[in-house]
Amino acid sequence: MGNCIQGVKDFFLRPKNTNVRLSLPAVCFVWQIAMIILFGVFIRYDEESDTHWIEHRKSHNITSDIENDFYFRYPSFQDVHVMIFVGFGFLMTFLKRYSFGAVGFNFLVAAFGIQWALLMQGWFHSLDYTDGKIKIGVESLINADFCVAGCLIAYGAVLGKVSPVQLLVMTLFGVTLFAVEEFIILSLIHARDAGGSMVIHTFGGYYGLAVSWVLYRPNLDQSKRLQGSVYHSDMFAMIGTLFLWMFWPSFNSAITDHGDGQHRAAINTYLALASTVLTTIAISSLFQKTGKLDMVHIQNSTLAGGVAVGTAAEFMLTPYGSLIVGFICGILSTLGYIYISDTCGIHNLHAMPGVIGGIVGAITAAAASKEVYGEEGLINTFDFDGDFKDRVPTVQGGHQAAGICVAIVFGIGGGILVGIILRLPIWGDPADDNCFNDEVYWELPEDEESIPPILEYNNHMINKHQDMSESNFSVEQN
Amino acid sequence: MGNCIQGVKDFFLRPKNTNVRLSLPAVCFVWQIAMIILFGVFIRYDEESDTHWIEHRKSHNITSDIENDFYFRYPSFQDVHVMIFVGFGFLMTFLKRYSFGAVGFNFLVAAFGIQWALLMQGWFHSLDYTDGKIKIGVESLINADFCVAGCLIAYGAVLGKVSPVQLLVMTLFGVTLFAVEEFIILSLIHARDAGGSMVIHTFGGYYGLAVSWVLYRPNLDQSKRLQGSVYHSDMFAMIGTLFLWMFWPSFNSAITDHGDGQHRAAINTYLALASTVLTTIAISSLFQKTGKLDMVHIQNSTLAGGVAVGTAAEFMLTPYGSLIVGFICGILSTLGYIYISDTCGIHNLHAMPGVIGGIVGAITAAAASKEVYGEEGLINTFDFDGDFKDRVPTVQGGHQAAGICVAIVFGIGGGILVGIILRLPIWGDPADDNCFNDEVYWELPEDEESIPPILEYNNHMINKHQDMSESNFSVEQN
Amino acid sequence: MGNCIQGVKDFFLRPKNTNVRLSLPAVCFVWQIAMIILFGVFIRYDEESDTHWIEHRKSHNITSDIENDFYFRYPSFQDVHVMIFVGFGFLMTFLKRYSFGAVGFNFLVAAFGIQWALLMQGWFHSLDYTDGKIKIGVESLINADFCVAGCLIAYGAVLGKVSPVQLLVMTLFGVTLFAVEEFIILSLIHARDAGGSMVIHTFGGYYGLAVSWVLYRPNLDQSKRLQGSVYHSDMFAMIGTLFLWMFWPSFNSAITDHGDGQHRAAINTYLALASTVLTTIAISSLFQKTGKLDMVHIQNSTLAGGVAVGTAAEFMLTPYGSLIVGFICGILSTLGYIYISDTCGIHNLHAMPGVIGGIVGAITAAAASKEVYGEEGLINTFDFDGDFKDRVPTVQGGHQAAGICVAIVFGIGGGILVGIILRLPIWGDPADDNCFNDEVYWELPEDEESIPPILEYNNHMINKHQDMSESNFSVEQN
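Chains as they are written, first to last, in full-length UniProt numbering: chain A, 1 to 478; chain B, 1 to 478; chain C, 1 to 478.
These are computed hints drawn from the structure, not numbers from a lab. Since this is a predicted model, take the numbers as computed values, not measurements. One should not assume that every hint holds.
Because identical chains share one entry, a pair is satisfied inside a single copy or across any pair of copies.
Stated by the list, open to error - Here are the simulated DSS-like pairs of lysine-lysine, each with C-alpha atoms no more than 27 Å apart in a straight line: (1) K292 with K389; (2) K224 with K292; (3) K370 with K133; (4) K58 with K135; (5) K161 with K292; (6) K161 with K289; (7) K370 with K389; (8) K58 with K389; (9) K161 with K224; (10) K135 with K370; (11) K133 with K161; (12) K58 with K370; (13) K58 with K133.
This is chain A alone, in the form it adopts within the complex:
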């Protein structure tokens, strides 16, 4: 009998092949060295961050250093940077025993991704053909952060179920796919997407969902004991939520046109997000028997308005238009959490609001008029110049809609492809009964809150319902 229990115990507690001692350092070192070489070959300062700026200023009759793009965009850049590392990182700390992985792997993935993004986006967008170099400045840093946001969204869909090596692979391909779809949507189709509803959220959301679908684990309920939150992990997640929520106006306005473009994008986002909070709380309360609120909704759905206003934020959406977008998205996103289930709610927070954002953008663009925008304003806002100087708003609307489709196709297609690669049994991912567990990849402090391994957990659950004469044993288990 004792042997039998021991055998079962051994079976469940057998060592998993989650040793990443070779693969993780190897990938980190090799890729980082590759980055150094590629940066050495390709990447240089742009004219505003180079010491020759002083000559450039004089030759262009720029009267003051304050005209340097740094002063237009650096405050927004820093806000976006906080969203990427604290916002996304802490949003995912809600699980009771995966907070190290949430914030730590988010850190790793983003630190690699921004470097690769500078190269990929640079080749597509800012290659200087006179010398074959990519010229970077503060706007490049923002775009790199944006690109990584897509991959961090996708991380949310596989949170706790993959190894750090898999995450790095997902990011390598994710950034690559992102740069291509972004080039198609923004440059070839010439759609506008200031806050990335399509380019970032739709793509990132579907990319993550597709990867997660290919990696489906039928026996994941073996990790059920680790799938919830605890009181303080929910509080850490709220840090992520709030920094995302507060800085979203900076996100949507970070790379829009100087002057009224940035100004308007910030206002629209501020309003949409405020509206979302109220409808999220309304729906969350309405669907509980006693009207209690669910932290999952507050942590996630309150952000849906920021996603959905991403494309149209720089347009003349009007203040009440922004409120309406936020209103609708708070409802739909919360209903998504109530009726559709997925880890970290990528669909309800990013994919679906992203598509809505794309649609709102298409409609608003198609409806744009010289009366509302002014003649110059219309040209400025939609960049109707150069190759696109004959384009009219209705045509622009159609192209915006095409952008949504490209984002979805790249997300799903790329996700399936990458998912298949990640199924190879070489990446050190955790067993079904050990998902959502920091113990797999982290040295943990000795801690009284530690989660018991699966067998003892079951005993513990049984003992909870036993009578008092046996209660000493249950105490012992704890």
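Mind docking chains B and C on chain A? Use the hints.
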């Protein structure tokens, strides 16, 4: 005997009428729809956030987009935004079992309040009489955040004792009262109040205290088990404290004059706050038998200097003047916490330092001279133009003092009125033995730290002192 | 037998002389009053924060308020401010029972230090000889924050082992020494040190190490039970890490030249930090038997790249040069944590990367050429004008190297001196068995997570290994 205990248990654990499943969603939906309609009728972009900005620029000979008000105020706006949502929200998370309510209801109230504030403040301050529309830009967003700050201060006075519906009602009336008193103080009386010592802190503090006084609960000690903090909830509260403390220079300088006005306000606030920290710690240590520090003081009184320098921050207060203000307020605020008791210390952190700030402002204004300010500087700083071009500093000092009175009258009067409304038995507020308890309005994660209900808590306390032969029972209770 | 145990217990739990009820308030009050007097005598607003700015503007043909230095530096200032108070404060909260002390004493020390720094740095750098006053503006605030950073680094080396009074003494001398070495390095030697690799990190690191060495406690293992982290204290520390990491580009660019100088410094720091994350994680994983990551490395070594790029951040380091610096520092810093042990890892995070940063700066400066920088760019970047208009890059390189030596000498020499002062038995420092314990200086909330005193802790550890028949006793102990 068993029946009797059961009966008592039933009595204490009877279901409370805290079901907000109808009222909370109803209020959220109806008010948000009202906001959309009112925004549709009244609110438009101002000329700096409208696509016509480019024409405006040319016609006003503005040479660069960097002259857009966005670049003067957006970094400060984002800091203020963090103070409202993370600062106030986390400051109130110190209670061991009300962190969800602290940060979550703060989020809800602020998200509603900023919308209503844009309307109320717009009608009073920025209604364009040519077309009957309110024109908003980044300064409007800052003012809306400021307005909401008053209501969040008041929330602190009723923390844990009201339902979210009551908070929304408090905010609806609070914003309305705020807009009226602000109009009287700033426009009619023409007092200056850059950082809102009077308009925000004095008003908000007394508003909250008056509401709390009308809602007085004589049997609140039934919730005593929930009134303290735990180690980590105090750490979460420090996040709130520090973000308030660090960004307070932005708060006090956010809407002051471009150039030296913003610059000076930031310096004065920085200095006053530094000084406050030292006297807070001195008094906290001095009044404990063994010199130990009390976290409540560190979390709250260290901020009093920022409140008290609010009105005078834009004046020529001088650097050492700022230090003196901070010095005095650290002492008084900490003594307030030691000798006067109130939940979340609204009086000691906001009401009293706010009044001090108003007085400092009145004295500094009355003492202003052309020698110190320069001729143009005096006019600029106090806006002695238009209807007020003949006003002199001594008269201004008197009007500043009048401003304090208006803020107190509106705070206390409005608070009593709203308190009476909130006593109606329809708002779903918690019972006396269930205050400060997230369980009432939130789905809580299963958690080993959970607080036992009142009856079992009492048993637990008794058992702690019983002998070992009975200790099994106490273990069972946990 | 019972008496004997009681006697031992009494001995271990004897009251320590850690009462700071007289000394702490006395130091806080006296020093703060001294600050007020000295500020009154010496400190005034500079021309950009004074109401006479409007006249200054006109007489200097400055066309817009946006030219006020406030708008060039205030966003960076606020980021630096967050690093000082939240970054450094929360980074040190990793200990299971010293989080109050970490964040609270950091707050106290920094609030005093910035005032004293404004005076000390003012006397050396911005004394106006026409009227004998120090003129302060936003750049002075940044420099004061920088100066305090050196002292907070040193705090890390004695974390948990000193009293708040000792920390204030350390800061008083630390700021004084800092101002002198800074004057020698930046003004006399005319070395450049934008992000303070030498002036801040090398000095601060060695200062702390020297103090800690003089205060060496051979019996510190009596506090071993308190030296680890717990799960959530590690999460709080990650808040500190991330805000330091994210805002480091602002730190290194905050006081560099307007325009391309700030722009380039931000880019270089962004890249160096990204690279560091990957090599830190690689080494951390490589040196654990199963490839698991160690939170200590993630919390600290990921920041080494920001330290090491501090001096050269404003130079034409090139983007790939920044990556290389980060690459090397991530490796060395993590190896430092694996092979060299010190509390809070001051050596591995600040001292050693600081020296590397100084060396990188010396090499980069020596290699500077007119081809790369442009003629004007070279002069601008290295300030080759006034007394130094004949200096050439190679000579500058030598002077940079001399700067490193000055920083080390001041750090070690000053640290030994101050350490000796701090050994006086009057400062109320904790006993060897009571280090790293908030209970000594803080009123703690009643909390189920509380750490047992040393004797009961040992019993507890013994009981853990005893058989079931005795387990009731161990339950009692908890």
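Hint-by-hint comparison with the structure:
Taking the shortest Cα distances, K292 and K389 never come within 27 Å of each other, neither inside one copy (54 Å) nor across copies (56 Å). In this assembly of identical chains, the alpha carbons of K224 and K292 lie at most 27 Å apart whether taken from the same copy (23 Å) or from different copies (23 Å). In this homomeric assembly, K370 and K133 come within 27 Å of each other (Cα to Cα) only across copies, at 21 Å, whereas the closest approach inside a single copy is 39 Å. Within a single copy, K58 and K135 get their C-alpha atoms as close as 20 Å, which meets the 27 Å cut-off; across copies the closest is 31 Å, which misses it.
Taking the shortest alpha-carbon separations for K161 and K292, only the inter-copy value of 16 Å comes in at or below 27 Å, while the best intra-copy value is 30 Å. Taking the shortest alpha-carbon separations for K161 and K289, only the inter-copy value of 22 Å comes in at or below 27 Å, while the best intra-copy value is 32 Å. In the homo-oligomer, the alpha carbons of K370 and K389 lie at most 27 Å apart inside one protomer (14 Å), although the nearest pairing across protomers, at 42 Å, exceeds that limit. Taking the shortest alpha-carbon separations for K58 and K389, only the inter-copy value of 22 Å comes in at or below 27 Å, while the best intra-copy value is 31 Å.
In this assembly of identical chains, the alpha carbons of K161 and K224 lie at most 27 Å apart only when taken from the same copy (13 Å versus 35 Å across copies). Proximity of K135 and K370 under a CA criterion of 27 Å is satisfied inter-copy only: 20 Å between copies versus 35 Å inside one chain copy. Neither within a single protomer nor between protomers do K133 and K161 lie at most 27 Å apart by alpha-carbon distance, with minima of 39 Å and 53 Å respectively. In this assembly of identical chains, K58 and K370 lie within 27 Å of each other by CA distance solely across copies; the values are 18 Å between and 36 Å within a copy.
When the C-alpha separation of K58 and K133 is checked against a cutoff of 27 Å, the pair qualifies only within one copy, where the shortest distance is 24 Å, while the shortest distance between copies is 36 Å.
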